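Start from the sequences and build out the full structure, keeping to the hints where you can.
Below are the chains, spelled out letter by letter.
2 protein chains.
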Amino acid sequence: VPDAPGASALRDLQNQIHAALGHQPLDLLLRDVRLVDVYREAIVATDLGIAGDRLVSVLPDAARDARQVVDARGRYALPGFIDAHIHIESALLTPDRLAEVVVPTGTTTLLVDPMEVANVAGYDGLAEFLRALPSLPYRIFVEVSSRVPTAPGMETTGGVLGPAEVRRALAWPEAISLGELDPSKVLGVQAPYLRKILSAHARGKIANGHAAGLAGQDLEAYAAARLADDHECVTLDDVRQRLAVGLAVIIREGSSERNLRELVAGIVREKLPTRHMLFCVDDKFCADLRAEGHIDYNVNQAIRLGLDPIQAIQMASLNAAEHFRLDDRLGALVPGRWADLILSETLDPIVPEQVYVGGRLVAEAGKLVVPVPPVKYAAWLRDTVHVRRGQRPAHFALPAKGQRARARVIQIVPDQIINHAVEAVVPVVNGQVQADPSQDVLKIAVAERHGRNGNVAVALCQGFGLQRGAIGGTVAHDHHNIVVLGTNDADLAACVRALVKLRGGFVAVADGQVLAELPLPLAGLMSDQPAAAVNAALDRLNAAARDLGSPLNSPFMTLSFVSLPSIPDLGLTDKGLVDVRARRFLPVLID
Amino acid sequence: VPDAPGASALRDLQNQIHAALGHQPLDLLLRDVRLVDVYREAIVATDLGIAGDRLVSVLPDAARDARQVVDARGRYALPGFIDAHIHIESALLTPDRLAEVVVPTGTTTLLVDPMEVANVAGYDGLAEFLRALPSLPYRIFVEVSSRVPTAPGMETTGGVLGPAEVRRALAWPEAISLGELDPSKVLGVQAPYLRKILSAHARGKIANGHAAGLAGQDLEAYAAARLADDHECVTLDDVRQRLAVGLAVIIREGSSERNLRELVAGIVREKLPTRHMLFCVDDKFCADLRAEGHIDYNVNQAIRLGLDPIQAIQMASLNAAEHFRLDDRLGALVPGRWADLILSETLDPIVPEQVYVGGRLVAEAGKLVVPVPPVKYAAWLRDTVHVRRGQRPAHFALPAKGQRARARVIQIVPDQIINHAVEAVVPVVNGQVQADPSQDVLKIAVAERHGRNGNVAVALCQGFGLQRGAIGGTVAHDHHNIVVLGTNDADLAACVRALVKLRGGFVAVADGQVLAELPLPLAGLMSDQPAAAVNAALDRLNAAARDLGSPLNSPFMTLSFVSLPSIPDLGLTDKGLVDVRARRFLPVLID
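Protein chains in written order, with the working numbering: chain V, 1 to 591; chain Z, 1001 to 1591.
For the record, the hints were derived by calculation from the structure and aren't laboratory data. Computed from a predicted model, the values in this text were never measured in an experiment. Take the hints with a grain of salt, since some may be wrong.
Said to hold, decoys possible - Over 10 Å on every C-beta distance to chain V, these chain Z residues come out as not near it, computed from the model: (1) Val1425; (2) Val1580; (3) Leu1589.
Claimed, not checked - Some chain Z residues close to chain V (C-beta under 7 Å, calculated; not the full set): (4) Pro1005; (5) Leu1130; (6) Leu1133; (7) Val1189; (8) His1201; (9) Gly1204; (10) Ala1223; (11) Arg1226; (12) Leu1243; (13) Gly1336; (14) Leu1347.
Heads up, the beta-carbon is just placed ideally off N, CA and C, and yes, glycines get one too.
Structural data, given as structure tokens:
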């Protein structure tokens, strides 16, 4: 027999019914709002009554007895925004530090796939990540990461989530789905991943998709595997095809993947039903969240493109709540659901002047107005950078005969995560391949940092433009080993030593000296410092990389994706250079 | 750790992906359909590919390799219909026998609240009821009955489902919600019932409502208790109010409650969004299902009233699947969901020419085309009529002094389940109140039949019109004790003896002889005989009651509701005459 509900949950519910009936005062009466009613698709002039953390009344009755009364002076009241798919680690902030960035924008719920933490710290890391939740001024639910590691056998990760670990995690009350499963596992009919889908459904939870580039029969096979959605639509035809196979469309507008304009313009033009459409950012850096906004940005852009504001708001609230089966708690301003809401003077644009979560004012005029106690994560989650090799220049040796060698080179594409496989002739000195800044062919290396095997894989990379020094970091998708890139082996080793000392982060080094650094001590992925400090450090790092010669806007982000063994043409893991399409390792040197 | 998924579930999924990819032949190709696409809200000319019990392809490709090919010759293909709330016992048939009645109408899924079985046989009865499911040519999911008994302390039932039993049942994979909870428990803030709501949510399942007559603050308090829907709307204003508090509206069209015309006409007129609207019958007798249809009737009536056919079809499919969180399996014809579908030549009206469940043709031209093996229910479920008293005339004594007595009388309202409390002066002979057919005041009695206490409660009733004999049955809402009504104590006792012999059912008796009978041996509520036999027996019973003098259309159904202690003015349980509004017992005789 499952557990009986707790006494405090029952007491809260009883109080809410009593308050709704007028047996006891409301905790908060929000007087004179224009309510965005996402059920009737209408705007209604009324008052909102709140008891505990839930709405209990939406009928006009400004005279109700309440402990606190707020006059909303006719402002629009709309449900708090839900981000339907975010890798929170991309913001480089712990959930507690992220609060000040996203909550003032009207985000009240994040549906998080903590895939990066899981790759570093496994099931225990996921569980530790959840420790932040109770003290946050917003809500997090978990999309349980389905592919940890992403490329089994081709990379060393700190954590592994097999079918049994995923089953355990799916039983958590905070778990609301199986996280995005990529097509290779599904179309490859790989039993361990299919078992995870079945386990999610057995728990009454959905399985999120990631159907990048799929169409026709492949897309049908993907839907036949019972996945529920896709956040990788790029064209309107993608949207049409996904609806036709019953996949919900999560429209993404992140830091680099910017799909909103094309999709929404088409949806408006063709009057497609929006009931199965949601919003997400997927990956959005802290600085972009700061500069531009979060889901409010998606909603306002959609409205500007001609979408009806009520439809746009539904996509950011009710649609997400229903899709993820959270509509008993979330997604609409009706009695019985959490009083998570936004007050805004206008609907075009929506400018969150006040944000309430669970009936508590948490942000006003763009600022958090509640303290967020720093979460004390377990010490081991701050101690995840353990290298055996990489600290010494000799670890980056790439032996070759003669004076010159032909080599494969990873040529990056500025501001994209794909790359091209090219070839170059590189100098060899004393039997060792050298970086050659004159043709922008630098050494790149991945050093295993999970304390497992001391692997160091060395390769060559073009496009970063450094003329001296090196840069590096512990954010390296998805295995998150150390990745370093530079003009000489001594500075590569200096980067590794600096990253070990920081317990993770980003560094820029020249002549053995650290020029700039950002500590990311939580799993080597996230900072627990304020957003402003993190953004400032990142600015200093980018400036240092520019000084070293790089023309890139975001060299550290670009570096963090070269390590991916799943995005063509090439990837570099601790095990070697990966031919992504062929799924095999390649030697760096050609014959 | 929860159980790992079974090997056969995994094999099925793998086969479906392989079939979708064209690695192996389809099991069935339905060529040339006009698909009703409930996601895009469009009609699409295409072909449907099925593997195992699921759809795997909806792209046009008439040339695909398939073990079986059916040419649908341009017929509409629409998702099988879902009845969102039915008490299956009202049809008087076991689920296996009901198949021939509902499946040919296009119903492929019933969401059943087996409240009557639970009142008779408790948790074990519910579990036994589920044994039918695997062999049915349609699907049943369970709304776990929330109020067994309905009126604790005021009636004796065979089963009791406390919070612990409900928690256990909610864990069943077939359980999809907590069954309808009536307002008295919610507005009375009764902890055991609120615990059941919390338990459903903790399991990720919804809690069904039953908000009969609620409005304003009461309705808000009801929604604040986190119930999800209401199937008791009678007016368009009811619909508006329920949407405003986030309750889905389940439009009911049953045997006696006929709400569809008024609601749908208003919904069409006011263009209310139908996304949160569903269909049900609640209670519909076998004969009416036969004569008129099931959910197909609701859908066709709605279309006739001007609702867009695609919207009407959504209400009978996708909307129900999403509301009950079954949309990973049900509700749309897309890859990955069960191939439960209807083929129809037209959409106005929809005439199910073929019905498929799980990719298997189960009905054609109004007839089942698959055998339904009779379910062997446990012997104890066929042996639930155990009386200690009621077999002898003396058990119906109602002592009084003098020659005449003033008494309270239950005055029934023809074809309704409400009744009026009236008074009458009745004859007393040898110290015993007598029935008085001349003023149509008859004796009515409820005899406890669950083997618990031998209670017999005797009262008086007006409106049945019998001039001689008696009628009786073991269907007596919601406690389902024996209820008998007649002109003399000897025939009341003869009814009870006949019902005991039948192990439940309905009987009509005169002069100690059984005139007509219908055995309902399963829990004393359902027959396991063919629908035609049950309808014929019911016709004979109604004819017998007419011969005895009754002017009523459905005297046995009317009788089965007089026993309800929850519908005003009066109810009669084994414990006595109930003043429903005051929730107390009343003496039959006045001073």
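Query - Violations among the numbered hints - result: 5, 6, 14
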